[in-house]
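I would like the entire structure built from these sequences, with the hints used as guidance.
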Amino acid sequence: MKKLFFSLLAFGLFAVTSCNKTNNNTTPSSSLNTPPQVNTPSDAYGALGVIRVQTTFSTPATVPGITIPPIDFDMGTAVAFFSNSTGSSTFVDAGNISVQDSALTKASNNAYAFTPKGVPDGSDMGIATSGVSTYNWKVSGSSDVPAFNQSLSGTMPVIGRISSSDNVTTSNSYTVSVPSLPTNCDSVIWVMHGPSKSITHITAPQLSYTFTAAEVGSLGKGDNAGIVQAAAYRVTSFTQNAKKYYYIRETCSTKSVSLK
930 MKKLFFSLLA FGLFAVTSCN KTNNNTTPSS SLNTPPQVNT PSDAYGALGV IRVQTTFSTP
990 ATVPGITIPP IDFDMGTAVA FFSNSTGSST FVDAGNISVQ DSALTKASNN AYAFTPKGVP
1050 DGSDMGIATS GVSTYNWKVS GSSDVPAFNQ SLSGTMPVIG RISSSDNVTT SNSYTVSVPS
1110 LPTNCDSVIW VMHGPSKSIT HITAPQLSYT FTAAEVGSLG KGDNAGIVQA AAYRVTSFTQ
1170 NAKKYYYIRE TCSTKSVSLK
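In the working numbering, the protein residues as written are 930 to 1189.
Rather than coming from a laboratory, the hints here were simulated on the basis of the structure.
Some hints here could point you the wrong way.
[Unchecked claim] In silico PhoX-like cross-links for lysine-lysine, where the CA-CA straight-line distance does not exceed 25 Å:
(1) K1173 / K1067
(2) K1035 / K1067
(3) K1126 / K1150
(4) K1172 / K1067
(5) K1126 / K1189
(6) K1126 / K1172
(7) K1172 / K1035
(8) K1173 / K1035
[What the hints assert, rightly or not] Using C-beta positions, here's what the derived DEER-type ranges look like:
(9) N1113 / A1076: 43 to 49 Å
(10) S1062 / K1189: 39 to 45 Å
(11) P1075 / A1133: 15 to 21 Å
(12) S1102 / S1069: 20 to 26 Å
(13) S1018 / A1142: 32 to 38 Å
(14) T1132 / T1098: 21 to 27 Å
(15) D1095 / T1129: 17 to 23 Å
Backbone N, C-alpha and C fix where the C-beta goes; we use that ideal spot for every residue, glycine too.
Pasting the structure below:
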């Protein structure tokens, strides 16, 4: 199930807060709230995940002389999937699933996702992801997945908001930076996304990653048409009913940029 879990996550989050603009020059090419995918180990019968999305969105001023500061907000969401065999991309029904008493919604392909409702106001929205070290999962079960409750412990990864420039010159290299070394994580995913292409690199925890001029030049152009991301994550395993599952914690810092 490599590369499967957070493809599912993208499905779960894409519908939450797409940044649709009426200005033709302000059309982000993907939802700011869609974290990059994490490779799920190939021996998984399924996975449960909690994700903190930290978004910084810059809006061009519509009135000359007025500067609109970036908008920051955080969102807590969750995803899950189960299968009858390891390495399978066919998901099975697991009944009702909840985490911290927030119910996940099942899609037509039996993937589950929780996405909060409401308008971001700069504070945590959705599942609490600050000051929480244990998440209580409940799976009601089905003919394919026996019911179980699982308390999964571990603090969320910590990664600062992206401090790189809002404006990207597509003929130059570009460095995505965070203010301090990411902690409580195994790895960091660095992403640049544009109208034409997405580019991803995975590293050990570090302060920055530089995309080459060739990579940046392949993204396309447009005001607020780009997204840069730095996602810190940790993967641990647990066993239920003699089957191995994985618990994924991710904190994704994401920012809209203009590609010039």
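Of the hints stated earlier, which fail here?
-> 6, 9, 11, 12
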